[in-house]
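Since the structure of chain A is provided, determine the placement of chain B on it from the hints.
Number of protein chains: 2
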Amino acid sequence: MIKSQNLIAGRWHDNPKASTFQTVNPKTNQVLPTSFQEATSEQIHEAVAKAAVVFDRYATTSFSKRVKFLKAIQSELEAIGPKLLKTYQEESALPEGRAQGEFQRTIGQIQSFIALLEEGSFVQAVIHTQGPDLRKMLYPIGPIGVFGASNFPLAFSTAGGDTISAFAAGCPVILKAHPYHAGTSALVAEAIYKALKSSDLPLEIFSHLGGVSHSVGSQLVMHPMLKGVGFTGSFAGGKALHNLAQNREEPIPVFAEMGSINPIFITEKRLQTDENLADTLAQSIVLGSGQFCTNPGMILCCDSSGENHLIKSLRKRFNEFSLAPMVHSNIEKKYLEQLKTLEEKQTLELSKASQSNAALGWVTASDLLKNQNLMEEVFGPFSLLVACKSIEEMTSVAAALPGQLTATLLSHETDHPKLGSLIGKLQNKVGRLLFEGVPTGVAVTQAMQHGGPFPATTDSRFTSVGTDAVYRWLRPITYQDCPNALLPAALQNENPLALNRIVNGQQTQASL
Amino acid sequence: MIKSQNLIAGRWHDNPKASTFQTVNPKTNQVLPTSFQEATSEQIHEAVAKAAVVFDRYATTSFSKRVKFLKAIQSELEAIGPKLLKTYQEESALPEGRAQGEFQRTIGQIQSFIALLEEGSFVQAVIHTQGPDLRKMLYPIGPIGVFGASNFPLAFSTAGGDTISAFAAGCPVILKAHPYHAGTSALVAEAIYKALKSSDLPLEIFSHLGGVSHSVGSQLVMHPMLKGVGFTGSFAGGKALHNLAQNREEPIPVFAEMGSINPIFITEKRLQTDENLADTLAQSIVLGSGQFCTNPGMILCCDSSGENHLIKSLRKRFNEFSLAPMVHSNIEKKYLEQLKTLEEKQTLELSKASQSNAALGWVTASDLLKNQNLMEEVFGPFSLLVACKSIEEMTSVAAALPGQLTATLLSHETDHPKLGSLIGKLQNKVGRLLFEGVPTGVAVTQAMQHGGPFPATTDSRFTSVGTDAVYRWLRPITYQDCPNALLPAALQNENPLALNRIVNGQQTQASL
Chain A
-6 MIKSQNLIAG RWHDNPKAST FQTVNPKTNQ VLPTSFQEAT SEQIHEAVAK
44 AAVVFDRYAT TSFSKRVKFL KAIQSELEAI GPKLLKTYQE ESALPEGRAQ
94 GEFQRTIGQI QSFIALLEEG SFVQAVIHTQ GPDLRKMLYP IGPIGVFGAS
144 NFPLAFSTAG GDTISAFAAG CPVILKAHPY HAGTSALVAE AIYKALKSSD
194 LPLEIFSHLG GVSHSVGSQL VMHPMLKGVG FTGSFAGGKA LHNLAQNREE
244 PIPVFAEMGS INPIFITEKR LQTDENLADT LAQSIVLGSG QFCTNPGMIL
294 CCDSSGENHL IKSLRKRFNE FSLAPMVHSN IEKKYLEQLK TLEEKQTLEL
344 SKASQSNAAL GWVTASDLLK NQNLMEEVFG PFSLLVACKS IEEMTSVAAA
394 LPGQLTATLL SHETDHPKLG SLIGKLQNKV GRLLFEGVPT GVAVTQAMQH
444 GGPFPATTDS RFTSVGTDAV YRWLRPITYQ DCPNALLPAA LQNENPLALN
494 RIVNGQQTQA SL
Chain B
-6 MIKSQNLIAG RWHDNPKAST FQTVNPKTNQ VLPTSFQEAT SEQIHEAVAK
44 AAVVFDRYAT TSFSKRVKFL KAIQSELEAI GPKLLKTYQE ESALPEGRAQ
94 GEFQRTIGQI QSFIALLEEG SFVQAVIHTQ GPDLRKMLYP IGPIGVFGAS
144 NFPLAFSTAG GDTISAFAAG CPVILKAHPY HAGTSALVAE AIYKALKSSD
194 LPLEIFSHLG GVSHSVGSQL VMHPMLKGVG FTGSFAGGKA LHNLAQNREE
244 PIPVFAEMGS INPIFITEKR LQTDENLADT LAQSIVLGSG QFCTNPGMIL
294 CCDSSGENHL IKSLRKRFNE FSLAPMVHSN IEKKYLEQLK TLEEKQTLEL
344 SKASQSNAAL GWVTASDLLK NQNLMEEVFG PFSLLVACKS IEEMTSVAAA
394 LPGQLTATLL SHETDHPKLG SLIGKLQNKV GRLLFEGVPT GVAVTQAMQH
444 GGPFPATTDS RFTSVGTDAV YRWLRPITYQ DCPNALLPAA LQNENPLALN
494 RIVNGQQTQA SL
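Line by line, the protein sequences are chains A and B. FYI, in the numbering used here the residues of the first sequence are -6 to 505. FYI, in the numbering used here the residues of the second sequence are -6 to 505.
Hints should not be assumed to be uniformly reliable.
Which copy? The list can't say, so a pair holds if one copy fits it or any two copies do.
[Unchecked claim] As a list, the in silico DSSO-like pairs of lysine-lysine whose alpha-carbon atoms are at most 30 Å apart:
1. Lys411 - Lys333
2. Lys326 - Lys190
3. Lys190 - Lys418
4. Lys326 - Lys382
5. Lys411 - Lys20
6. Lys58 - Lys411
7. Lys418 - Lys58
8. Lys418 - Lys61
9. Lys61 - Lys345
If you are wondering where the hints come from, they were derived from the structure by calculation, not from laboratory data.
Next comes chain A alone, as it looks inside the complex (with noise of 0.2 Å):
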């Protein structure tokens, strides 16, 4: 059984009278069994008031104890797998490989989180002695308000990286599930509450609330006790949830990572020798139906021979996929309305595939660069060609784009004493820039940036994948003259967490 019911500060809250929604299976069109309950303002409150209430026990709680709480998660999860992956996918229409895959990461980014809090260092522990003595470290911000993702009903939802990240930090989380994936997200909620109920920790730490109005989102990110926010969706989405965020009597950060057309920029000689070009964008584009926030919407590419073979290798391939769904179809709809609108209204050649909706198009440089509107992300299978005149005209580009989440350099070894112009405006466009491969695929490594300036995200300098998107919930806090018998382990002279410290100066181990 599928909880239908809100978790609400460590109970499931039933509500006769709520309002209900529920999924739909995108593939037969079938929907879904359970109702899911619409969470109230009422609800909404308790989940954050007592959230703020065991903050601080949380907060300073044990490394070793949050450990034990991400391995139960870990469990609860592993516990479900089959049941979890068949709701995925009659909720997502993601195939069984992409589910697993899904599943796989998830599990991996809780274990690069329990490896993160076993070390520990993360607090970045600072000690001065020389003159007051100083002693800071990170600290907790409060409770975190999550929005799962339509489109990683597992990694960017219930228990993703914005859940585990905060958990790891030291904050309560008040999860909002999406709407599209609303099993799938109860389900992991009910992972999440067993791992808490095994764990000697506060049950008000986590709390599950669905919902398909905005309303609910809205007052949780309005709510005075909330702290901080995680979202990745929609420009539409992040920036309402941001300026709502920010209009608070008290603004507090929000975090939203808003998707990207991730340019790739070909250079002639690599088109010439890249014979697998054609192939590897073909079937990054089309990934995961193109729901990836590194999605490559936009390839430029200099071709000074007038034949176009990028673009006829791209259709040929395109012409040989079939493509599952998109996870709902709201996204498709409004995929297929910006194709629509792109055929009607702007200089370019649209061509479709004949067996899916992927679809392409093919715009010069000079006709871009007059029509900003198409640097705008088309979420969904598609790629807008650009067709280059050199490098300088590509750099034009460059210097024109919004805020990318990625770029991606293909040339080749000769061109590179001519690149350093265009590397110059892409590094400011950019939180991640390839000169191999494709966007799509994500590392979780302490090296990864993923969030780039705005409108990619809303704030550039942080991440939501890899370890480092912990420092999204922390702040530094000094203690001035403090005993140690009162300071945080952490902070303490003997160094008893064995955390790799800067003591005046000094990186070291050693105990003062």
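Relative to chain A, chain B alone:
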């Protein structure tokens, strides 16, 4: 001669038609001779737009060139020391010792950022070669608007921590001079201009704008090419800039440090055993005529004797002080108005010093908890004493406090076992928690945190004092599979800058 013109992108831009304004000696009320020009919309636009054009070039400038530039600023400031300090004192009425101390602090800050750049590891290079080759480092965010602070004409103004940390990060700076010390600011701007001319750097990385109207600052913050803002001042000013910045088409980070009441909690045992307490507190409250963001505006103490020794001792000492006037008559006027309102409308006893504007209030904790507006900052030589019955009552006040830069907990060893819950509450409210001494005096070290939860600052995840202030102006960028020759020096295999880097999870200075 003090420059009356604005410095726009490396050129002193005379505008005979400009509105002008003059500064005033607060001691004598004498109007000082220079007629400063108010910056025009065209000048503001030119300053930001030209900074944006040269941003790429400065962002990729070597650390050694930035070091040369900062060293030249230091030399130019030292060369004009006597003239600068004379103007500083004329415009602010702050005494000579303070002027000299603040000058040294400003030089010391520059030196600390020189050391940061010479060492270089602040860019936090992380290299991961297992899987795709991912190399991450910090990169500057773009042109920064910095606002001079009325209460620190040097250390938090034109060549203060905001400007120097932005320059160290690789960001151009557009400085909005504080109109109360426009002459001091113009002298410092000229020193920076000269330093820039002697360096091999684009002159457009620094502009200096004058103005008494809010419009100059608003236009600066609203300029689409500005990427960040540093501000130290009032809550009203900081919040207004934050609102402007967040409601731009592209929101940008604003680091506004808006002051605090910096409560001091004193246990009964401490009150009984610390003979120097009244002296230390009185000195801290009237230091700089109370014009410090870390001024202790609230003192909570447990005194079951009913004798109220502390308030009596403080009153006595207050009557002995003669204080310099505040830095501007507007500030003094606002301070006196706030005292009047407190006297007329609030449940407290107010006692004024006989020879100065210093004042003390006296209220019970239970009355304070009923009047949340008594927790608002009164900027000046004032403190509100709060009579508490117990540590538990102190804890209730701590829980009700708005966010603070600092709190201080003065206790006796025998109290330590009873302080857990009070410390727990205070940790959530402050950036710095002191256990001895007074909050005035903010050491410039890496272990300092000067920034706390809202409304103390707009982003508690950063500090405006100490070398970590550089992180406000940096964001991560990851290079994926980048040819070694195209990588920034900090990420190249050979580690040519000899940085401490994290390579495959291990901290090392070794090359790959």
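Hint by hint, where does the structure go against what was stated? Just the numbers, ascending. 1, 2, 4, 5 and 9
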